[in-house]
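Visitor: So you can see what is in the structure, the chains are spelled out below.
2 protein chains.
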Amino acid sequence: MTSCFNRCKASLKLHHLAENPFDLTKEGALTPERLARFSAQACGYHFLYGTERVNADTMMALGALAEETDVIKKMEKLQAGEVMNFIEGFPSENRPVLHTATRDFFENPNPVKAAREAAQLAKQENEKLQKFLEKIGDRFTDVITVAIGGSDLGPKANYLGLKHLQKPGRQVHFISNIDPDEVITTLQGIDLKKALVLIISKSGTTLETVTNEEFLRDRFRKAGLKPEEHFVSISCPGTPLDNKKQYLENFYLWEWVGGRFSTSSMVGGVMMAFAFGFDVWMEFLRGASAMDKTALQPNIEKNIPLLGALLGIWNRNFLKLPAVAIIPYSQALSRYAAHIQQVDMESNGKRIDQAGRPVDFETGPLIIGEPGTAAQHSFYQELHQGTNITPLEFIGFKENQSGGDFEWQGTNSQQKLLANLIAQAIALATGKSSNNPNKVFPGNRPSHMLIARQLTPFTQGALLAYFEHKIAFQGFVWGINSFDQEGVQLGKELANRILERFKDPNSKPYPQGDVFLDVLKRT
Amino acid sequence: MTSCFNRCKASLKLHHLAENPFDLTKEGALTPERLARFSAQACGYHFLYGTERVNADTMMALGALAEETDVIKKMEKLQAGEVMNFIEGFPSENRPVLHTATRDFFENPNPVKAAREAAQLAKQENEKLQKFLEKIGDRFTDVITVAIGGSDLGPKANYLGLKHLQKPGRQVHFISNIDPDEVITTLQGIDLKKALVLIISKSGTTLETVTNEEFLRDRFRKAGLKPEEHFVSISCPGTPLDNKKQYLENFYLWEWVGGRFSTSSMVGGVMMAFAFGFDVWMEFLRGASAMDKTALQPNIEKNIPLLGALLGIWNRNFLKLPAVAIIPYSQALSRYAAHIQQVDMESNGKRIDQAGRPVDFETGPLIIGEPGTAAQHSFYQELHQGTNITPLEFIGFKENQSGGDFEWQGTNSQQKLLANLIAQAIALATGKSSNNPNKVFPGNRPSHMLIARQLTPFTQGALLAYFEHKIAFQGFVWGINSFDQEGVQLGKELANRILERFKDPNSKPYPQGDVFLDVLKRT
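Chain order of the listed sequences is A and B.
Residue 0 is where the first sequence starts when you use numbering that gives the first Met the number 0, and the numbers rise one by one after that.
Residue 0 is where the second sequence starts when you use numbering that gives the first Met the number 0, and the numbers rise one by one after that.
Hints should not be assumed to be uniformly reliable.
One copy or any two copies: either way a pair holds, since identical chains are not told apart in the list.
[As the list claims (entries may be wrong)] Once the Cα atoms are required to be at most 20 Å apart in a straight line, the calculated SDA-like pairs of lysine to any residue come out as:
hint, residue 1, residue 2
1, Lys162, Ile189
2, Lys520, Gly409
3, Lys166, Ile189
4, Lys319, Ile388
5, Lys431, Pro357
6, Lys431, Leu29
7, Lys319, His15
8, Lys397, Gly442
9, Lys8, Gln170
10, Lys166, Gly409
11, Lys162, His172
12, Lys162, Thr185
13, Lys438, Val358
14, Lys192, Asp137
15, Lys221, Trp407
Don't read these hints as lab results, they were simulated from the structure.
The following block holds chain A by itself, in its conformation from the complex (with noise of 0.2 Å):
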């Protein structure tokens, strides 16, 4: 059940081969015909690796690394529900990984059972929705999401995303944090009476979220408000949050929906569908199905994740890169990259192998990312001449959400913010000489592109299950599983014995804790 990764005679040759990886450098290299080649197209985005340092050669072999750890029979069985979430020979989680389902209602429905029940089950939840939004009408301006961490930031930046789209009157408002600040901070200038609350934790158990619940009733009846009449659960079926007397509604998700991919489920669809419709939310649940049938295209010329997973891993693995990073450039993705850093450093941030071994090779890298042209004066200065080499992955869309430019010295901005784009891609590839050391651009820092004509709900809900199946294309390959979190334990085991000494401070002495705790009473 594991992966030959790093055995298999694919990473042999991929070894050799990044011995000389292609020059980007080189005079002439970076030919109209090396872009043409180099270049695929799926749900509406045009995909350019021609700025990677790869070749005829390179791309065989990261095909035959697909084929050897049988990725696309992997993502089959992930879509058709079978128990993908495990450790072998150890206790885990063990679990079906089907956030597929939650939007395989359009074309091509999954035919295998598993995944056609929960699709079902996701449909129903959607019905639910349609109707719950016709029930409340206007009674409510202001959405309030509780939430944290896949299911704040998936959310969050897929609104902002969409946020043109928001229909008038209406606000959405985001609290995640423990820290009380956030919280105070978040209810000044919200009317509480047509304030609707989504509390969502799949565990129903969350710290800070079950923390900022109680929080936020103590407001709201200090306000003299009930809060079963204005808050709602997102939450699985019989957890402390599944309690109809609590909540206006109660929505699902179910264990087979990982907190970080779990935008398409309710996590997202209430807040999108009451801030941008619920014929804006289907949209967008159609783009991402849409990419969930290319992600199980064999042809790797045609399935653009696995095309980007094999990228990443040439570079993460090969030209031993070690770390992504990742540049909308689109304003309105400025918390994109923050979504993907979480899915994927959260999925693939692993040290063992499904068989439980540790690997003896790199797993997922370190994501940074900020939208461009911002970016470009921020750390730019190092992706071009620091002694850190960092892949990047742009996003870029031919038009812009509003319509409305300004044209200024023959040029209207989207085409100055696409020139941006283009120049530098192509400017950390081919680098440049100079008789001055400091006006040398080394080049050869790859990169790759998606272009889209606009960002609209279905590209955009194809950009999110692109990442989404890129990551998991990663983990396939790595064999490690990509669906647990267990590296988020300790913290919170030794959190709850500092808490312990804050409640009592006669309890039984934690001396390594205690140590900070006496600096804080310095303070």
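Use these hints to put chain B onto chain A, whose structure you have.
Guide: The following block gives chain B in isolation, referenced to the frame of chain A:
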């Protein structure tokens, strides 16, 4: 003039020590004595570094490295206004680096003539600002800052940090990207009649900023308003923005204030004094200035920016760790890591030393960061159990800002926040063994923390200068020029070539760029 780094005695010693660094996972390694010993204090901050992989020998060798590379002398020269931004023997910016002068009018002002004169200029601008604020009174409710890079990220991060002090009825908005949607979205809901626009560009020619200025002027004119009655410029004397006819006021900075070090100049000052009042702004500068004086302390036990710099060098060059995570446990500092990412990666993402020779060691790390505890639910999985080891720099505060809080299950939210901060430092350091390989935490993941009573104007100013000096000290140790940014030029040149093609399809072909433009046509 260049540093001996990697060839000096202390480096050899440190390489030797790095073969067997202090083991934080050893039973009893994290004693109260250790945690108390490896701590320092300055400007209201406790600096705790017992969770770094250092012992007394390491600290002695790092102290020797600081002496051999003469970093205190270099900091004195910087603060005295000597030319520090240069590459020896090649054309370069060749300028002093005097951001410390923009706040050097409190205790112990620098007595050297160049520094005194610079501080005098800065003081005059602050007096001008005070008069300007009196003059405009309550005429404006909204400020829109138009800036990019350091002129945007630093002011924005510091504004958000103190937003609880915002004067009633005042709002601040930020426009930075060339993306036309950012301008259009930001202007929604702003009453232009009551809006003050700050155009911030040191050179007065930044493409994004001057384009967005024209875009806004057009909007003001279309609203029947006179831009010159609403627009203020912040730029160097003599730039195209230094023009009394076009602006209500012209504020100055000077070529000796780098964009990324300009938060304490009028670049941050006009907006922050408008939002919070002039007294808050002065207190912020007072905190920054106090840290400037701390940075001159030869004793590394008292000089916390130098201590932070040396620990970073230990992790980067001797333990070979490529990145750093900046994690404030404070939602008010939600964009602080984005600011530090800019200052650090643009300053130290360099590949040549100050004599123009390629370096044979690693320079500026990759910087990531989001606020805790939210970050715990995002990328901490990888920090605990990934194959990358990423050192962390925590920032925390004993008290929250708003004063309000909520007690639940025996502790309040601020205590829950702090318990998590402390728990993470311990968990990352000590790790945990288990029979289940998926529950093994390898530990030995280094971190340190800065703890203050509260995030106030003073402590936030001190934090700004802490990072500015930490980053400058690292550049001094490496012997690189941390104060220019030649790496951003090539992208600008190529973007202009592509803009020519947008302007006139009959212009001279640019084959590499044209392929991308063809894809756009077909999108």
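Visitor: Does each hint fit the structure? Answer for all of them.
Guide: Right, here's what the structure says about each hint:
For the identical chains of this complex, Lys162 and Ile189 are neighbours both inside a copy (19 Å) and across copies (17 Å), given an alpha-carbon limit of 20 Å. Taking identical chains as interchangeable, the C-alpha atoms of Lys520 and Gly409 lie at most 20 Å apart only when they sit on different chains, with a minimum of 18 Å there against 62 Å within one chain. For a Cα distance limit of 20 Å, the shortest separation of Lys166 from Ile189 qualifies both inside one copy, at 17 Å, and across copies, at 18 Å. Proximity of Lys319 to Ile388 under the C-alpha cut-off of 20 Å is found in both arrangements, the shortest distances being 9 Å within a copy and 15 Å between copies.
Taking the closest pair of Cα atoms, Lys431 and Pro357 come within 20 Å of each other only across two copies (15 Å); inside a single copy the shortest separation is 42 Å, beyond that limit. With identical chains, the CA atoms of Lys431 and Leu29 are at most 20 Å apart within one copy only, with a shortest distance of 13 Å there and 50 Å across copies. In the homo-oligomer, the alpha carbons of Lys319 and His15 lie at most 20 Å apart inside one protomer (13 Å), although the nearest pairing across protomers, at 25 Å, exceeds that limit. With identical chains, the CA atoms of Lys397 and Gly442 are never at most 20 Å apart, being 26 Å at best within one copy and 46 Å at best between copies.
Proximity of Lys8 to Gln170 under the C-alpha cut-off of 20 Å is found in neither arrangement, the shortest distances being 54 Å within a copy and 61 Å between copies. In this assembly of identical chains, Lys166 and Gly409 lie within 20 Å of each other by CA distance neither inside one copy nor across copies; the values are 34 Å within and 41 Å between. In this assembly of identical chains, Lys162 and His172 lie within 20 Å of each other by CA distance both inside one copy and across copies; the values are 12 Å within and 17 Å between. Proximity of Lys162 and Thr185 under a CA criterion of 20 Å is satisfied in both settings, with 18 Å inside one chain copy and 12 Å between copies.
For the identical chains of this complex, Lys438 and Val358 are inter-copy neighbours only, at 15 Å across copies versus 41 Å inside a copy, given an alpha-carbon limit of 20 Å. In this homomeric assembly, Lys192 and Asp137 come within 20 Å of each other (Cα to Cα) only inside a single copy, at 12 Å, whereas the closest approach across copies is 31 Å. In the homo-oligomer, the alpha carbons of Lys221 and Trp407 lie at most 20 Å apart only across protomers (16 Å), although the nearest pairing inside one protomer, at 53 Å, exceeds that limit.
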